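Chains as they are written, first to last, in this note's numbering: chain A, 1 to 283; chain B, 1 to 287.
Derived by calculation from the structure, the hints in this document are not laboratory data. Treat the hints loosely; a few may be bogus.
Claimed, not checked - Here are the simulated DSSO-like cross-link-like pairs (lysine-lysine), alpha carbons at most 30 Å apart as the crow flies:
(1) A:K276 with B:K109
(2) A:K97 with B:K12
(3) A:K7 with A:K173
(4) A:K7 with B:K170
(5) A:K280 with B:K107
(6) A:K98 with B:K10
(7) A:K280 with B:K177
All figures in this text were calculated on a predicted structure; none of them were measured in a lab.
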Amino acid sequence: MRDIIFKRLLSICCILILLISAGMIYSLVSGSLSAFGHYGFFQFIGSTEWNPHPDRETYGALSFIVGTLLTSFLALIFCIPFSLPVALFTGEFFRGKKIASFISSIIDLLAGIPSIVYGLWGFYTFRPLIIEMGVNAQGFGILTSSIILAIMIIPYASSLSGEFISMVPNELKEAAYSLGATRYEVIRSVTFPAAGSGVFASYILALGRALGETMAVTMLIGNTNNLPTSLADTGNTMASIIANQFGEADGLKLSSLIAIGLLLFLITAIINLVAKLVIKKLN
Amino acid sequence: MSSLKYRTIKDKTFFYVTCFLASLTVVPLFAIIWELIKKGYKQINWNFFTESAPSTLDAMLARNTGDIIPGGIANGITGTLLMVVLAAIIAIPIGILVGIHLSEHPKTKFSYITRFLTDLIQGSPSIVIGIIAYAWIVKPIGSYSALAGSVALSIMMLPLIVRSTEETLKMLPGSLKEAGLALGASYTSVILKVLLPAAFGGLFTGILLAISRVMGETAPLMLTALGSTTINWDIVKPTSAVPLLIWEFYNDPNLIDMIWSSSLFLLILILSLNIIAKQIAKKWRIQ
Chain A
1 MRDIIFKRLL SICCILILLI SAGMIYSLVS GSLSAFGHYG FFQFIGSTEW
51 NPHPDRETYG ALSFIVGTLL TSFLALIFCI PFSLPVALFT GEFFRGKKIA
101 SFISSIIDLL AGIPSIVYGL WGFYTFRPLI IEMGVNAQGF GILTSSIILA
151 IMIIPYASSL SGEFISMVPN ELKEAAYSLG ATRYEVIRSV TFPAAGSGVF
201 ASYILALGRA LGETMAVTML IGNTNNLPTS LADTGNTMAS IIANQFGEAD
251 GLKLSSLIAI GLLLFLITAI INLVAKLVIK KLN
Chain B
1 MSSLKYRTIK DKTFFYVTCF LASLTVVPLF AIIWELIKKG YKQINWNFFT
51 ESAPSTLDAM LARNTGDIIP GGIANGITGT LLMVVLAAII AIPIGILVGI
101 HLSEHPKTKF SYITRFLTDL IQGSPSIVIG IIAYAWIVKP IGSYSALAGS
151 VALSIMMLPL IVRSTEETLK MLPGSLKEAG LALGASYTSV ILKVLLPAAF
201 GGLFTGILLA ISRVMGETAP LMLTALGSTT INWDIVKPTS AVPLLIWEFY
251 NDPNLIDMIW SSSLFLLILI LSLNIIAKQI AKKWRIQ
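One chain only, chain A, in its complex shape (with noise of 0.2 Å):
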């Protein structure tokens, strides 16, 4: 008897994630259906306009949609110099070791750091010296967030990585050096094709990340609701306008916050649905 109420008890605590699930999406949905209604979902989607001028309110995610793809996919791209180094050392050169154990636990430390410490590290320390690097006058925008944004994605990019780089069977490895390659020969023709799905596969993942971030980036982007059109530009991403303007927000201007709260949910479903498949298949 007892063991049957176990049984539904963990049965119906399994219902309770899909009620989770389904409630976020309908939540999402319901409360985004106004503004979807107004404008019409891809009028929403492609329109730049932001005013929320009380006669004339126009409201469309394009440019934050472009902030937001604009900061991440530079994040991913400003990360990869240093995490695929870190993935190589941990996995490769000190597999095992000591040193890469040490290193890989300060690496997922860095993953500790609350993002609101990040955007004030960024704001006082980082963001001076792009100001004189003469990007531009005040030293927000794109390029000092996705920067930062590539700090604070390094450790999800390199620990899986490097998991999948040291699972590289070692008879393939060794029979490269056999025929006597070098160690960089067999890193690039025997380690990175075989453990090269999984390292993209956790790069995706990472630039799931990247695409949620908020704290640090609505610190750093400048907050412009233009469409952001160079580096130097700033703008906002979904999440930072979500976050700048949601608490004095009502009608269809709090509808529209939450469409976009809607977009962002789709886009880094989509992009962590991808990764997951990805890994599987390698499974």
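Fit chain B to the supplied structure of chain A, relying on the hints for placement.
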């Protein structure tokens, strides 16, 4: 085919460049900690932990006379405590039970769907979870509240706990469960009295990591708990939290000196939770 010497040089260069770049990634962590200590240690004293955040006026007066800013972040510390504990109370039992289900029935369709949805929730941006908690709790109640904040945090903790429970239980030898069943113990008591105690280290690590992950969250709390200037223990009233206070200090030029000490406090808290969790995981794995 290039000469051997050229290939060796290329190999060595690649190795050293890799090591150099890998060691560079260690720099930000220490740079951030150093910056916080350098700018924040002055503000940390007894009052910092016992008093609420100062008003802008008090801070301005103190700044003008060159004193350190009076007051502390007690309202943030209590708020964080309240919301994290509440979130843990909601998320831990559900998470562990779902984790048990997934490890007991790894291959059913129902488990696949549950696992997929857990991943979906885990991948959702924290600000989106803030919107959800706003729609679920803030709107019906009609006020920002600690409860809404902890619901948001618990949704973020849930997938982490589910995953760590499942992974830990999977690593236990099957003989453990069989031995329990063979002695005539019921299914329920085998799971609760044999498997869970054996998996305790792993579960505890997962819970600590989940707590340290949500403790520094700011974005979802901005949409749910909002913040408060006094210590508040009422779960249906707006409540402050340490990251929310940092955000308020950041936006107030008079209080700007407070951000460093508050961030230092938050960072030490989170990093030590992280380190403790990893140590427990290490010990547990050896046994």
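Do the hints match the structure? See the list:
Restraint check for A:K276 and B:K109: the C-alpha separation of about 17 Å stays at or below 30 Å, so the hint holds. At roughly 20 Å between alpha-carbon atoms, A:K97 and B:K12 fall within 30 Å of each other, so this suggested pair holds. Restraint check for A:K7 and A:K173: the C-alpha separation of about 48 Å exceeds 30 Å, so the hint is violated. Between A:K7 and B:K170 the alpha-carbon distance is near 18 Å, which keeps this suggested pair within the 30 Å criterion.
A C-alpha spacing of about 14 Å is found between A:K280 and B:K107, which places the hinted pair at or below 30 Å, so the restraint holds. Using a Cα cut-off of 30 Å, the hinted pair A:K98 and B:K10 holds, with the two alpha carbons roughly 26 Å apart. With a CA separation close to 29 Å, the supplied pair A:K280 and B:K177 stays within the 30 Å bound.
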